[in-house]
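If you read the sequences in order, they're chains A and B.
Position 191 of the first sequence, counted from 1, bears residue number 191 in the numbering used here, the numbering being contiguous throughout.
Position 33 of the second sequence, counted from 1, bears residue number 33 in the numbering used here, the numbering being contiguous throughout.
Think of the hints as simulated: they come from the structure by calculation, not from any bench.
Don't take every hint at face value.
[Stated by the list, open to error] Computed list of lysine-lysine pairs in DSS-like fashion (alpha-carbon distance at most 30 angstroms, straight line): (1) B:Lys100 to B:Lys116; (2) A:Lys131 to B:Lys70; (3) A:Lys6 to A:Lys131; (4) A:Lys153 to B:Lys63; (5) A:Lys134 to A:Lys201; (6) B:Lys112 to B:Lys127; (7) A:Lys12 to A:Lys131; (8) B:Lys63 to A:Lys138; (9) A:Lys138 to B:Lys70; (10) A:Lys134 to B:Lys70; (11) A:Lys138 to B:Lys71; (12) A:Lys201 to A:Lys6; (13) A:Lys131 to B:Lys71; (14) A:Lys134 to B:Lys71; (15) B:Lys100 to B:Lys89; (16) A:Lys134 to B:Lys39; (17) B:Lys71 to A:Lys132; (18) A:Lys201 to A:Lys12; (19) B:Lys63 to A:Lys131; (20) A:Lys132 to B:Lys63; (21) A:Lys201 to A:Lys150; (22) A:Lys134 to B:Lys63; (23) B:Lys70 to B:Lys39; (24) A:Lys12 to A:Lys138; (25) B:Lys112 to B:Lys122; (26) A:Lys131 to B:Lys39; (27) B:Lys39 to A:Lys138; (28) A:Lys134 to A:Lys150.
Predicted model only: the values in this text are computed from it and were never measured.
Single-letter residue listing:
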Amino acid sequence: MIEQVKINEAMKNLLYRIADDELIIGHRNSEWTGLGPILEEDIAFSSIAQDQIGHAVALYSLLHEQFAEPNPDAIAFGRSESQFHSSQFAELPSGDYAFSLVRHFLFDHAESLRYSMLTESSFAPLAALAKKIKGELKYHVLHADLWVEKLSKGTEESHARMQSALNEALTYAYGMFEPSQYEELLIEQGIFGGERTLQQKWMEAILPIIERANLTLPMISGIDPIFGGRSGYHSDYLQPLLDEMSEVYRMDPSATW
Amino acid sequence: MVTSLDPRIRRADLEHSPASSGLNPNEHWDTFAIFHQDKRGTAHEFVGIVHAPDPEMALVFAKEQYGRRKKTVNIWAVRSTDIYTFQHKDEDMFSTVPEKTYREASGYPVRKRINKYLEELKAMRHKPVEEEEEA
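Given these sequences and hints, build the entire structure.
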């Protein structure tokens, strides 16, 4: 029989991976607030960023309540770079709007499918959360799909910029599916169906949209996914992001507003 | 052509022939009028506009702009140029002269009749119960 301690470690690890991705990409996307291409899109994209940070808070709360981890603020602002389990994909700079949209598209399809798998999780609090945010993710995917198709079919320039964003993003996007040491255990216990299954579902979901948008998926075989983020190895971009994000917290950990 | 504060809105020129609206295609994104529904079955209410290149994008924008702060079950997006309306100067068509109060429903003394009907209804509701007991 497998010890409950080991199962708990696996669940904690899973929650940290998902939550850290949401926090970091939510922060990155929020960098567009006030700078979006038009007012309406600024509101929509900022709202999506806010949703993502909200998901992170909900998952950190689960860690706090179910596994006696520190409170959500301390988890988000008090950890060092190597304690973050987010994929490197999430921490990449926002770049131009094409890159931000393509990342949003690749990320939210994966997130939406991940939570959809988690609605079946044997870990009831996580299944409940996954069901609760289903509607938000439906909107994220709708928003992403529409923009990807419109801009890719817009002008020659907009198509070229979307294609190069996709080329740039894909190897990093594969890093979202970096398996953990707990993969088998999570599947066996019915907690999560695993990164490999998720990646297959994700590919099936994004391919038709990439085709409809007249984009070309860079060669699938021969792609070396950029791993490391899940075990705390990050690019040079994460630390400056953490510095900025936790600036207020470091001045006064009890600050409220 | 009628000049309007918002050139996307077509207003009927009642003195001359109806005119078309003034913007050239792609000069500016269209505006879409957004109608908000808070409960299935209730009327959609006009809440404001969004700028968008097409109806799909208008709905996506409207969802966040008008649907995130209050209960929403659905939204309509209608291209502003598809709305046909009067000019403000023709508002006088709607004013009712004082001696036409007979046209207003408030002129009819129906309250007494409604109350009488309600009483009858009340009396009837008690009756079948007795009949049931007999049967």
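Hints and how they fare:
The hinted pair formed by B:Lys100 and B:Lys116 meets the criterion: a straight-line CA distance of about 28 angstroms does not exceed 30 angstroms. Pair hint A:Lys131 plus B:Lys70 holds up; C-alpha atoms about 21 angstroms apart against a cutoff of 30 angstroms. In summary, the hint linking A:Lys6 to A:Lys131 is supported, as the alpha carbons are separated by about 26 angstroms, within the 30 angstroms threshold. Taking the CA atoms of A:Lys153 and B:Lys63, the gap is near 24 angstroms; set against the 30 angstroms cutoff, the hint holds.
Between the alpha carbons of A:Lys134 and A:Lys201 the distance comes to roughly 17 angstroms, so the proposed pair stays at or under 30 angstroms and holds. The straight-line distance between the Cα atoms of B:Lys112 and B:Lys127 is roughly 23 angstroms, inside the 30 angstroms bound, and the hint therefore holds. Of the pairs offered as hints, the one joining A:Lys12 and A:Lys131 holds, with about 19 angstroms between alpha carbons and a cut-off of 30 angstroms not exceeded. For the given pair, B:Lys63 sits about 12 angstroms from A:Lys138 by alpha-carbon distance, which is consistent with the 30 angstroms threshold.
This hinted pair checks out: A:Lys138 and B:Lys70 have alpha carbons roughly 19 angstroms apart, not beyond 30 angstroms. For the proposed pair A:Lys134 and B:Lys70, the alpha carbon gap of about 19 angstroms is at most 30 angstroms, so the pair holds. Annotation: proposed proximity of A:Lys138 to B:Lys71 holds, straight-line Cα distance about 17 angstroms (limit 30 angstroms). This hinted pair checks out: A:Lys201 and A:Lys6 have alpha carbons roughly 28 angstroms apart, not beyond 30 angstroms.
Between A:Lys131 and B:Lys71 the CA atoms are separated by roughly 19 angstroms; this keeps the pair inside 30 angstroms, and the hint holds. For the hint pairing A:Lys134 with B:Lys71, the CA-to-CA distance comes to about 17 angstroms; that is within 30 angstroms, so the pair holds. Between B:Lys100 and B:Lys89, the direct Cα distance comes to roughly 22 angstroms. Compliance with the 30 angstroms bound is thereby established for this hinted pair. Between A:Lys134 and B:Lys39, the direct Cα distance comes to roughly 20 angstroms. Compliance with the 30 angstroms bound is thereby established for this hinted pair.
For the hint linking B:Lys71 to A:Lys132, the alpha-carbon distance of about 16 angstroms falls within 30 angstroms, and the restraint holds. Of the supplied pair hints, the one linking A:Lys201 and A:Lys12 holds, its CA atoms being roughly 24 angstroms apart against a limit of 30 angstroms. With a CA separation close to 20 angstroms, the supplied pair B:Lys63 and A:Lys131 stays within the 30 angstroms bound. For the hint linking A:Lys132 to B:Lys63, the alpha-carbon distance of about 18 angstroms falls within 30 angstroms, and the restraint holds.
About 24 angstroms separates the Cα atoms of A:Lys201 and A:Lys150, which keeps this hinted pair within 30 angstroms; it holds. Proposed proximity of A:Lys134 and B:Lys63 is supported: the alpha carbons are some 16 angstroms apart, at most 30 angstroms. A distance of roughly 11 angstroms separates the Cα atoms of B:Lys70 and B:Lys39; the hinted pair therefore holds under the 30 angstroms criterion. The suggested pairing of A:Lys12 with A:Lys138 holds, with an alpha-carbon distance near 26 angstroms, which does not exceed 30 angstroms.
Restraint check for B:Lys112 and B:Lys122: satisfied, since their Cα atoms lie roughly 15 angstroms apart, inside the 30 angstroms limit. A C-alpha spacing of about 22 angstroms is found between A:Lys131 and B:Lys39, which places the hinted pair at or below 30 angstroms, so the restraint holds. Using a Cα cut-off of 30 angstroms, the hinted pair B:Lys39 and A:Lys138 holds, with the two alpha carbons roughly 20 angstroms apart. With a CA separation close to 25 angstroms, the supplied pair A:Lys134 and A:Lys150 stays within the 30 angstroms bound.
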